[in-house]
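Protein chains: 2
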Amino acid sequence: MNVREKLPIFTLSAWSALQLAAVEQALTGWVACPTVAPAPADLGEAMRYAVLDGGKRLRPLLVMAASEAVNGNAHAALRSACAVELIHAYSLVHDDLPCMDNDVLRRGKPTVHVKFGQAQALLAGDALQALAFEFLTPDDGSVDAAMQARLCRMLARAAGFQGMAGGQAIDLASVGRPLTFAQLHEMHRLKTGALLQASVMMGAACGSSSSAARDALRDYGAAVGLAFQVVDDILDVTADSATLGKTAGKDAAQDKPTFVSLLGLQASREYAQQLRVQAQASLKDSGLENTHALHALADMLVNRAH
Amino acid sequence: MNVREKLPIFTLSAWSALQLAAVEQALTGWVACPTVAPAPADLGEAMRYAVLDGGKRLRPLLVMAASEAVNGNAHAALRSACAVELIHAYSLVHDDLPCMDNDVLRRGKPTVHVKFGQAQALLAGDALQALAFEFLTPDDGSVDAAMQARLCRMLARAAGFQGMAGGQAIDLASVGRPLTFAQLHEMHRLKTGALLQASVMMGAACGSSSSAARDALRDYGAAVGLAFQVVDDILDVTADSATLGKTAGKDAAQDKPTFVSLLGLQASREYAQQLRVQAQASLKDSGLENTHALHALADMLVNRAH
Chain A
12 MNVREKLPIF TLSAWSALQL AAVEQALTGW VACPTVAPAP ADLGEAMRYA VLDGGKRLRP
72 LLVMAASEAV NGNAHAALRS ACAVELIHAY SLVHDDLPCM DNDVLRRGKP TVHVKFGQAQ
132 ALLAGDALQA LAFEFLTPDD GSVDAAMQAR LCRMLARAAG FQGMAGGQAI DLASVGRPLT
192 FAQLHEMHRL KTGALLQASV MMGAACGSSS SAARDALRDY GAAVGLAFQV VDDILDVTAD
252 SATLGKTAGK DAAQDKPTFV SLLGLQASRE YAQQLRVQAQ ASLKDSGLEN THALHALADM
312 LVNRAH
Chain B
12 MNVREKLPIF TLSAWSALQL AAVEQALTGW VACPTVAPAP ADLGEAMRYA VLDGGKRLRP
72 LLVMAASEAV NGNAHAALRS ACAVELIHAY SLVHDDLPCM DNDVLRRGKP TVHVKFGQAQ
132 ALLAGDALQA LAFEFLTPDD GSVDAAMQAR LCRMLARAAG FQGMAGGQAI DLASVGRPLT
192 FAQLHEMHRL KTGALLQASV MMGAACGSSS SAARDALRDY GAAVGLAFQV VDDILDVTAD
252 SATLGKTAGK DAAQDKPTFV SLLGLQASRE YAQQLRVQAQ ASLKDSGLEN THALHALADM
312 LVNRAH
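In order, the protein sequences belong to chains A and B.
When we follow the numbering used here, the leftmost residue of the first sequence carries the number 12, and every step to the right adds one.
When we follow the numbering used here, the leftmost residue of the second sequence carries the number 12, and every step to the right adds one.
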């Protein structure tokens with residue numbers, strides 16, 4: 012290969028490595044950083060444990076990819092990427108608590124409440140949610156106020172009762188109950204889909220685009236959000252805990268309705284591929300040119316092994 | 012609403028009744044309102060149970076009073092008033108959970124987790140925090156974007172690890188340990204003081220004022236925030252559960268350091284009065300004219316019986 016070649020070939024791994032270097036650096040520097048603004052007692056340590064050194068960072072990558080597609084403000088994109096990851100991280104901490112999923116393993120490590128106690132885990136989750144909105148509202152002039160307000164609005168909706176928290180409430184109510192395909196779909200549209208879609212739309216809100224492009228990105232976000240969950244359900248059955256970094260087989264053990272339990276394994280795999288195709292078709296419809304990363308993320312997300 | 016134009020003599024009770032009518036109406040209409048945007052399963056019911064029909068609404072009153080002092084945007088003030096109350100309400104729900112204070116009585120009713128279960132209480136608290144930021148970021152043009160961003164920034168800081176959550180972490184670490192006066196002060200500055208002060212400052216941010224006025228209001232907020240906690244500690248010893256609407260005597264039962272355990276009852280009462288005087292002196296320093304409500308709230312807060 013000619014190293015002087017000016018047109019680089021897009022590879023997701025190289026692109027992701029660059030994005031994640033920035034995201035990890037920002038998270039390390041900003042999350043309750045002991046040298047910047049020390050958090051009281053063990054709280055800062057618990058917050059950092061919950062966020063740093065782990066996770067696929069899928070949501071930050073979606074933010075960065077969507078922002079890239081609209082040539083967005085890099086400061087706003089990085090802050091949004093970190094903010095969605097904080098919301099995701101807090102939801103995992105609370106989800107793992109004994110009164111919810113009672114899980115002891117996450118990202119290959121003991122869960123936050125196992126390591127720091129339930130009360131500290133509860134507080135760390137609460138503080139991470141607040142921190143997400145702090146990240147979105149810097150007062151250093153790097154992100155204009157209208158963009159800050161819009162990003163806060165999108166994140167708050169995606170996290171709240173009409174989004175992630177609402178989906179978890181449906182999840183809670185559905186254990187041991189048969190769900191129809193439509194109900195399962197609705198649960199996941201809220202529980203994981205809302206924040207994944209918001210990641211795409213917040214990235215898009217870091218720049219400007221036509222309303223047709225935004226609609227197309229919204230469709231893309233809905234499709235990858237759902238595909239993510241279908242694949243999650245598949246992996247819960249087919250992968251082991253060491254590969255997943257979390258307890259495998261727990262949906263079946265808890266008698267939770269999943270796409271696999273409803274459709275079967277093969278049909279679930281086909282459904283995931285169908286959603287990927289749909290997501291990538293939406294990218295074409297967007298009329299945006301620089302959608303390589305979004306396209307590749309849809310591939311990665313559906314074909315991932317953990 | 013400026014009540015003074017209609018009433019010859021300012022009375023806190025008349026003023027509060029008017030403010031609270033607006034706040035209660037807004038909360039009733041906005042918090043997971045079943046007819047507007049139904050929340051899944053019991054989540055909406057748990058959220059409404061946590062917020063509606065109870066509470067002194069001290070924080071909303073501070074917001075409205077401070078906004079009145081700077082002739083603030085009424086829409087922004089009402090939304091801010093509701094947002095700080097949502098943060099307060101969520102913190103109570105989480106605080107009452109078995110892994111924290113394990114309390115069964117709040118505002119004279121069973122706590123949220125007693126009524127809805129721990130998992131639902133956890134989710135309701137999480138969703139209320141998100142909803143606070145949703146309230147602050149309407150897209151109806153009623154509050155300009157710069158103000159929205161500023162209000163989100165203030166609330167996020169006051170709620171997070173450098174504010175309320177941080178104070179609760181100190182509280183958690185301090186049970187059964189002797190604290191110095193300075194440490195107790197710092198714990199309460201964060202745990203309850205940060206959100207009370209933010210209520211004042213968010214109200215002030217709904218309008219415009221000189222930086223000297225804002226500094227004076229910040230001092231007022233710090234003094235009333237601390238006074239509130241001193242009085243809380245006094246009432247925990249002197250009032251009964253029926254009057255308080257929550258379990259009395261629990262600080263001593265849990266061997267928690269309080270102003271009363273550190274200073275004694277009489278000195279605590281004097282300290283509360285001293286903070287009131289200090290708060291009211293700051294109002295004079297502010298140079299603002301319409302501070303009747305803020306002045307009266309400092310009186311009420313220190314002389315309250317529950």
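If you are wondering where the hints come from, they were derived from the structure by calculation, not from laboratory data.
Among the hints, erroneous ones may be present.
[Stated by the list, open to error] No more than 20 Å apart at the CA atoms, straight line, and that leaves these computed lysine to aspartate or glutamate pairs for EDC-like: (1) B/Lys267 with A/Asp53; (2) B/Lys126 with B/Asp150; (3) A/Lys267 with B/Asp53.
[To be verified] Derived Cβ-Cβ restraints for the label pairs, each shown as a range: (4) A/Ala32 with B/Phe192: 44 to 52 Å; (5) B/Val47 with A/Leu23: 40 to 48 Å; (6) A/Lys120 with B/Ala28: 30 to 38 Å; (7) B/Ala193 with A/Ser219: 46 to 54 Å; (8) B/Ser153 with A/Asp151: 21 to 29 Å; (9) B/Ala28 with A/Asn301: 53 to 61 Å; (10) A/Asp226 with B/Val47: 55 to 63 Å; (11) A/Phe21 with B/Asn113: 28 to 36 Å; (12) A/Pro19 with B/Ser222: 47 to 55 Å; (13) A/Leu23 with B/Phe192: 52 to 60 Å; (14) A/Thr249 with B/Ala193: 52 to 60 Å; (15) B/Lys67 with A/Lys295: 39 to 47 Å; (16) B/Asp151 with A/Asp226: 20 to 28 Å; (17) B/Ser222 with A/Ala157: 21 to 29 Å.
If you're wondering where the values come from, they're calculated on a predicted model, not measured in any experiment.
Glycine residues also receive a C-beta, built at the ideal position from the N, C-alpha and C atoms.
Hints not upheld, ascending by number = Violated hints: 2, 6, 10, 11, 15; rest satisfied.
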